[in-house]
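Residue strings, one per chain:
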Amino acid sequence: MRVLVTGASGFLGTAVVDRLCTAGHEVVAMVRPAARLEGAPWDDPAVAVVRGDLRERGPWMAEISGVDAVVHLAAAASGDLSTQFQGTVLGTEHLLDALDRSSVQRFVHISSFSVYDFAAVRAGAVLDENSPLERQPEHRDAYTTTKLVQEHLVRDAFADRADTLVVVRPGAIFGPGKHWDHGLALTLGGHLGVLFAPRSTMRLTAVANCADAIAAAVVAPRAGGTTLNIVDDALPTHREFLRMCRRAGADVPATVAVPWWAVAMIGRLTGWIDRRWCAGRAHLPEFLDRTRQQARWKPLAYTNHRAKDVLGWSPRITLGQAVADMVEAGPRR
Amino acid sequence: MSRGPVRRVAVVGCGAIAYEHLGHLGRLAGVGLVGVCDTSPAAARFAAERFGAAAWFTDLTTMLDATQPDAVHVLTPPHTHEVLSLQCLAAGVDVVCEKPAAPDSAALERMLAAADTYGRHLVESQNLRYNDPVLAVAEAIAAGRLGEVREIDLLLSLDLAGGRFGDPNLVGPGVHLPGGAVHDFLPHLSYLFLLFAGLDDQSPLPADLEVTGRLGNLGGNPRVGSDHLDAMVFSGGLRGRLRLAPDLSPDAFRIVVRGTRGSVETDLYHPYLRHEGGANVGKRVAVEHLVSGTKLALTGVTNLRDKVQRHDTYHGLGRMIDEIHTAFAAGRGAPITPMMMRTSAALVDRLVALGSRS
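For the protein sequence lines, the chains are A and B, in the order given. Here our numbering is used: the first residue of the first sequence is 2, the next is one more, and so on. Here our numbering is used: the first residue of the second sequence is -14, the next is one more, and so on.
Just chain A, with the same shape it has in the complex (with noise of 0.2 Å):
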């Protein structure tokens, strides 16, 4: 197949492109006009390069013309509202305009888990495909609205022609490059680190696994019409996750953890006093916030049947061996 790719140069996006290109696919790669390509995949002829800025409009919308499959990675994951927005929901406006969506077979959207209402699940439970969405996102941050727009408009643009969608919603995505603060909450002064919910399943995926999906999701049969969690299959908790790294070698300071029953208390209190003095309208980092406390620390299950079961997928990669490669490729800290 001709699969277009977008934000293809990322972390996930160049992992997704090497992916396509072994599976024997031709891959339209669009990535940023400035976007530096060095190396694989980017010298493999199976791949195309497409240079524009989806926020704009331009001859990128031409170049794109006669794709069968589209794997639509592109979003702004930082920022304010305004500039995720732009980044995430108009560039998703303007690929679906150029898209002859009548003559695309698949196209396969990248999600998030941030787009679930974490408080809306109790802790213990299984978070799934069927768990609700954010109701009220502009209580968390602007990526989570951006993400619920951008995926509602996705499915609009394909309400008629649902069973060509496929909606990925990946959880942490890690690997070389990318580390997650091994974990870890806080850091202070580069010398303390501070790991919140230290018994929380961390909802991670490596990004070859994910990108293992990703490809999957394009040809499988049966994933037209499915919303698909992706996560690997041994998670780790939070204190897992840490010790891991730190018997690969990375350089994690001394820590203290915090559980996550004193991380929910401090999170009530805070509420309590945006309600009582700030109109609920305060603006409190993550580890003091409430709703976003839960999004990221809440001792919660989550599982990958579904996708296992759809796209024929399963991580190839263990969880040892990723961290391990992230571990090696550092940065070391």
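Incorrect hints may have been included.
Claimed, not checked - Computed, partial: chain A to chain B, Cβ under 8 Å:
hint : residue
1    : A126
2    : G281
3    : H284
Unchecked claim - Calculated from the model, a selection of chain B residues having no Cβ within reach of chain A, i.e. all distances over 10 Å:
hint : residue
4    : Y4
5    : A27
6    : A28
7    : R95
8    : D117
9    : G129
10   : G148
11   : R149
12   : P153
13   : N154
14   : F170
15   : G262
16   : V270
17   : Q294
18   : R317
19   : A331
Unchecked claim - Cut-off 25 Å, straight-line C-alpha distance, at most; resulting in silico cross-link-like pairs (DMTMM-like, lysine to aspartate or glutamate):
hint : chain 1 : residue 1 : chain 2 : residue 2
20   : B       : K292      : A       : D142
21   : B       : K292      : A       : D275
22   : B       : K292      : A       : D157
23   : B       : K292      : A       : E139
Read the hints as simulated data drawn from the structure, not as lab findings. The C-beta atom is built at its ideal place from N, Cα and C for all residues, glycine as well.
Fit chain B to the known structure of chain A by using the hints.
Frame of chain A; chain B shown alone:
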């Protein structure tokens, strides 16, 4: 805003600055947000849902016809202000336009003439006039605590190339204004200087007003256009230094006003207020330092509280919008008068002209 018939207000342009306007409009009593408009359906729909607008549109004509607003906030990129404002005015609608309302005085005059022709108001958003530190400085001047104002030093340090203005992935200039990215901020420097100098309701500018300096590109990013201004303004005994620097840290909007009897200093991004005055002898200066130091420490607490409570640099915008719509509803002229806009635009013209000399 005073109670009375609900003012029907609409917004065109749903980008970053619109979120600020819409947030305040949504909280104003006496204002009904009847519509929002953007060329992007997703942006218009999101703004409508987030801020409670009754309807969303992708075309201004359609919005004007469908919603029959009393006023429209024009919050689109600056080079589109004139066309959209003229369309609104011709439809019999008051206009609140983001700064700069026009790229130059000539365009502003066309817009003001249209407002006169159609019997409507046109007002440029000059929100920093309503910020706490600016009000405090203006009050100190008005109360005579500085004596006669002699020096006004305005420094805006901001990395203009770091954001959308200089994004190397985007095509064309970051902003379509003759003064480049700096131009987008010149109205702030201009109207604050004129406010503190007591010149903002005196048009034309004083005949002896002299502007010298440089407007250019320090960073080398052509997409930004001009990213640096260092200008001196002279008029009689008054001196002003108006600067925008892209290569200083931290980001700041520093204001120092010095007079014959004292000086006052503040920062709009990290507000504090330092006042020095009186005779420069004996123990007075040391005592003033103690007082200033104590106030500075307390300001740190206030700023932390303000940050948590989102009392940010845009806090004056809500006051400005409230005053504007209160005035409109009462049939009065806008608090930011055409004279103020003309004077500010005239100084901006002079500052932009430095670019052609640099």
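Comparing the hints with the structure gives:
no. : hint            : verdict
1   : A126            : 30 Å, violated
2   : G281            : 11 Å, violated
3   : H284            : 5 Å, holds
4   : Y4              : 6 Å, violated
5   : A27             : 5 Å, violated
6   : A28             : 7 Å, violated
7   : R95             : 29 Å, holds
8   : D117            : 18 Å, holds
9   : G129            : 37 Å, holds
10  : G148            : 8 Å, violated
11  : R149            : 8 Å, violated
12  : P153            : 4 Å, violated
13  : N154            : 4 Å, violated
14  : F170            : 17 Å, holds
15  : G262            : 35 Å, holds
16  : V270            : 37 Å, holds
17  : Q294            : 5 Å, violated
18  : R317            : 31 Å, holds
19  : A331            : 31 Å, holds
20  : B:K292 x A:D142 : 16 Å, holds
21  : B:K292 x A:D275 : 13 Å, holds
22  : B:K292 x A:D157 : 37 Å, violated
23  : B:K292 x A:E139 : 17 Å, holds
Hint violations for this structure: numbers 1, 2, 4, 5, 6, 10, 11, 12, 13, 17 and 22, all remaining hints satisfied.
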